Amino acid sequence: MPWDDKTKGSGGPWGGGGGGGDKDGGEGNSPWKRPAGGSGGDLEDQMRRMQERFRQRGNGGGGGGGRRGGGGSVPNFGPLGVLVLGGVAVLAWVLTGVVVVDEGSRAAVFRFGQWQTNFTPGLHFHLPAPIETHVVMPSEKQQQTLIGNDNNEALMLTGDENIVDVRFRVFWFYDPANPENFILNVDDGAELLKASAESVMREVVGKSNLNDVITTGRGTISAQVKAQLQALMDDYRAGIQVQNVEIQEAAAPAQVRPAFIDVVNAGQDAEKTIQEANKYANDIIPRAEGQAQQVQQDAEAYREQVVANATGEASRFNAILDEYRKAPQVTRERMYLETMERVLGNSDKLVLDSGSGAVPYLPIDPVRSNKQGN
Amino acid sequence: MRGFAIFTFILAALAVIVGMNSFFIVNQTEQALVLQVGKAQAAYNAPGQSQAGLKMKVPFFQNVIKYDRRNVGLDIPNIDVFASNQEQLIVDAFVRYQISDPLAFYQRLGTQRTAENQLSQFTNSAIRNALAKKLPEEIISSQRATLMDQIRTDLSNSIAGNGISIIDVRIRRADLPQDVSERVFRRMEAARNQEAELIRANGDKQARAIRAKADRDRTVILAEANQKSEEIRGEGDAKRNEIYASAYGRDPEFFRFQRALIACEQSLKKESTRLVIGPDNLGLCDEFIAAARKSAN
Numbered sequence: 006m007p008w009d010d011k012t013k014g015s016g017g018p019w020g021g022g023g024g025g026g027d028k029d030g031g032e033g034n035s036p037w038k039r040p041a042g043g044s045g046g047d048l049e050d051q052m053r054r055m056q057e058r059f060r061q062r063g064n065g066g067g068g069g070g071g072r073r074g075g076g077g078s079v080p081n082f083g084p085l086g087v088l089v090l091g092g093v094a095v096l097a098w099v100l101t102g103v104v105v106v107d108e109g110s111r112a113a114v115f116r117f118g119q120w121q122t123n124f125t126p127g128l129h130f131h132l133p134a135p136i137e138t139h140v141v142m143p144s145e146k147q148q149q150t151l152i153g154n155d156n157n158e159a160l161m162l163t164g165d166e167n168i169v170d171v172r173f174r175v176f177w178f179y180d181p182a183n184p185e186n187f188i189l190n191v192d193d194g195a196e197l198l199k200a201s202a203e204s205v206m207r208e209v210v211g212k213s214n215l216n217d218v219i220t221t222g223r224g225t226i227s228a229q230v231k232a233q234l235q236a237l238m239d240d241y242r243a244g245i246q247v248q249n250v251e252i253q254e255a256a257a258p259a260q261v262r263p264a265f266i267d268v269v270n271a272g273q274d275a276e277k278t279i280q281e282a283n284k285y286a287n288d289i290i291p292r293a294e295g296q297a298q299q300v301q302q303d304a305e306a307y308r309e310q311v312v313a314n315a316t317g318e319a320s321r322f323n324a325i326l327d328e329y330r331k332a333p334q335v336t337r338e339r340m341y342l343e344t345m346e347r348v349l350g351n352s353d354k355l356v357l358d359s360g361s362g363a364v365p366y367l368p369i370d371p372v373r374s375n376k377q378g379n
Numbered sequence: 006m007r008g009f010a011i012f013t014f015i016l017a018a019l020a021v022i023v024g025m026n027s028f029f030i031v032n033q034t035e036q037a038l039v040l041q042v043g044k045a046q047a048a049y050n051a052p053g054q055s056q057a058g059l060k061m062k063v064p065f066f067q068n069v070i071k072y073d074r075r076n077v078g079l080d081i082p083n084i085d086v087f088a089s090n091q092e093q094l095i096v097d098a099f100v101r102y103q104i105s106d107p108l109a110f111y112q113r114l115g116t117q118r119t120a121e122n123q124l125s126q127f128t129n130s131a132i133r134n135a136l137a138k139k140l141p142e143e144i145i146s147s148q149r150a151t152l153m154d155q156i157r158t159d160l161s162n163s164i165a166g167n168g169i170s171i172i173d174v175r176i177r178r179a180d181l182p183q184d185v186s187e188r189v190f191r192r193m194e195a196a197r198n199q200e201a202e203l204i205r206a207n208g209d210k211q212a213r214a215i216r217a218k219a220d221r222d223r224t225v226i227l228a229e230a231n232q233k234s235e236e237i238r239g240e241g242d243a244k245r246n247e248i249y250a251s252a253y254g255r256d257p258e259f260f261r262f263q264r265a266l267i268a269c270e271q272s273l274k275k276e277s278t279r280l281v282i283g284p285d286n287l288g289l290c291d292e293f294i295a296a297a298r299k300s301a302n
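As they're listed, the protein sequences go chains B and Z.
Counting from 1 along the first sequence, just add 5 to a position and that's the residue number in the numbering used here.
Counting from 1 along the second sequence, just add 5 to a position and that's the residue number in the numbering used here.
Just so you know, the hints here were simulated from the structure itself, not pulled from any lab data.
Fair warning: this is a prediction, and the values are worked out from it, not measured in the lab.
Any given hint might turn out to be false.
Said to hold, decoys possible - Have a look at the derived ranges for each label pair, beta carbon to beta carbon:
#1 B/183 / Z/80: 50 to 56 Å
#2 B/339 / Z/272: 16 to 22 Å
#3 B/92 / Z/10: 32 to 38 Å
#4 B/87 / Z/80: 50 to 56 Å
Think of the CB as a built atom: it goes at the ideal place given N, C-alpha and C, for glycine as much as any other residue.
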């Protein structure tokens with residue numbers, strides 16, 4: 006406090022005034038400093054000092070204004086100083102009624118605590134405090150509440166008595182129609198929303214099966230939670246509009262997640278086994294079909310071949326027969342002789358006279374070698 | 006001059022103090038009870054009324070007690086509840102209430118802290134009473150809403166006359182204790198393991214079926230091909246025989262002669278064939294022809 010300041014110099018707000026006023030003839034000292042140093046601490050002196058303090062306080066504004074007045078005596082500037090001070094105070098007071106509302110907000114205005122209206126974005130005035138006051142509400146801004154930060158919040162029981170890990174976010178606004186309800190009707194709207202959302206989510210999940218929660222049921226669940234939560238907020242007249250309930254995670258709890266992942270893996274394993282079997286089938290069936298084609302083609306080739314051979318032989322026979330019929334005996338002899346000629350002409354011959362009695366010695370090796378040569 | 010200043014100052018201070026004591030502001034979120042030396046004189050802005058604003062009172066002789074007028078939340082500490090099958094559940098609930106009658110509230114309970122202590126106890130027993138008759142699955146799923154209504158009614162009845170109205174009681178959580186949770190986890194795990202085994206076994210089953218079908222198809226395809234092949238070959242043989250028959254049938258005797266010659270030549274065709282024959286047997290192929298003649302006879 007300036008008047009408690011026992012240090013020398015003109016650091017205090019009235020130090021300058023005192024220096025300029027110079028009523029006690031001190032050199033730049035605070036006016037109440039000198040008596041304390043000058044005389045003893047008797048009661049009378051104390052009284053006098055107190056009186057001086059009061060006077061100084063009363064003229065404090067004058068002291069402030071005295072800067073303009075230079076070194077004139079204080080009483081001369083009293084009325085003007087008081088006026089200026091009063092003016093400043095009134096201005097400051099009136100300025101408490103100025104409200105600048107940002108886009109995205111509304112300001113609820115209260116007259117003696119009674120809600121009057123909501124200011125829209127822009128510059129507004131209301132009667133100065135404490136007659137009228139205001140509270141700025143971020144009523145157009147999207148708010149979000151995350152539920153499921155820790156396991157206590159996230160783990161919930163399902164209808165089939167399993168435990169599921171659900172983490173979700175509620176996006177909400179102050180009710181656009183009556184945003185002031187948020188501050189007027191409930192004690193802690195954000196906490197209320199959080200507790201209610203958790204309660205509703207647990208109720209809804211409690212009626213669902215684990216598999217629905219973690220797979221296909223998410224959309225239904227979040228829609229149900231949104232509807233019930235909104236109904237509850239309306240019931241409480243909490244001034245909250247629920248925009249969306251977004252389930253961020255709905256999965257098996259960490260403790261059992263490996264088993265759940267294994268189910269997914271099992272599906273993939275099964276798929277893989279089936280794929281391999283299909284691959285096997287795709288491999289062997291076309292090959293078998295190819296083989297079948299080959300067998301069939303072979304058979305057809307055989308058929309064509311034997312028919313062609315037979316036809317050829319038959320034609321040859323027919324031709325020979327025609328010749329033969331013209332001169333049977335001669336042809337017969339000729340054919341015989343020609344054949345013999347070819348047969349005997351081509352081969353190695355050893356003619357033995359059976360009557361000679363000689364034992365023929367037939368070398369085995371050439372015979373064998375001939376056999377090998379066959 | 007100094008004396009006057011002091012006097013003025015004291016007077017002004019007194020006026021301010023008296024003025025401050027004559028007026029009070031009731032916010033819209035509050036309700037106020039005015040007591041005159043202990044006796045209730047007026048209540049302002051109780052729920053259902055709209056009396057917020059600047060109020061007057063007799064200074065010093067009247068004092069004002071303010072209470073919250075809003076819908077206030079009270080979190081109930083976790084309660085261990087035994088369901089009707091002796092299974093334990095941990096229930097976390099919250100109450101929404103409003104001070105509906107400031108005078109009754111002041112008379113019976115006094116402060117909000119006392120009120121909340123009492124509410125907490127009443128809620129605790131209301132929850133125990135309601136849930137002890139139910140099975141866990143009823144608490145968790147099927148009857149949750151009904152039970153919450155029942156608890157609220159019960160609580161309203163027990164707190165009645167204390168100037169509090171119960172807006173809602175909601176079960177926030179109804180969870181299993183840690184060791185039971187562990188059991189549930191093990192059960193879930195076992196169920197999943199079974200499921201995984203079943204999926205794998207089913208995959209194996211399908212794969213085996215596919216392989217077996219493929220093997221069967223292959224066997225059938227090959228067998229059918231062989232069948233067809235034999236048919237075609239037989240067809241060819243038949244045709245050949247027919248051709249031969251129709252040709253050779255024209256002169257069977259000559260056919261035998263001619264065919265024997267061919268057989269003879271074919272048998273001895275090889276260039277290096279070594280023949281050891283007697284001079285009488287130079288008509289080598291006579292034997293073929295004789296054989297052919299013999300079979301004809």
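Output the indices of the hints that this structure fails to meet, ascending. 1, 3
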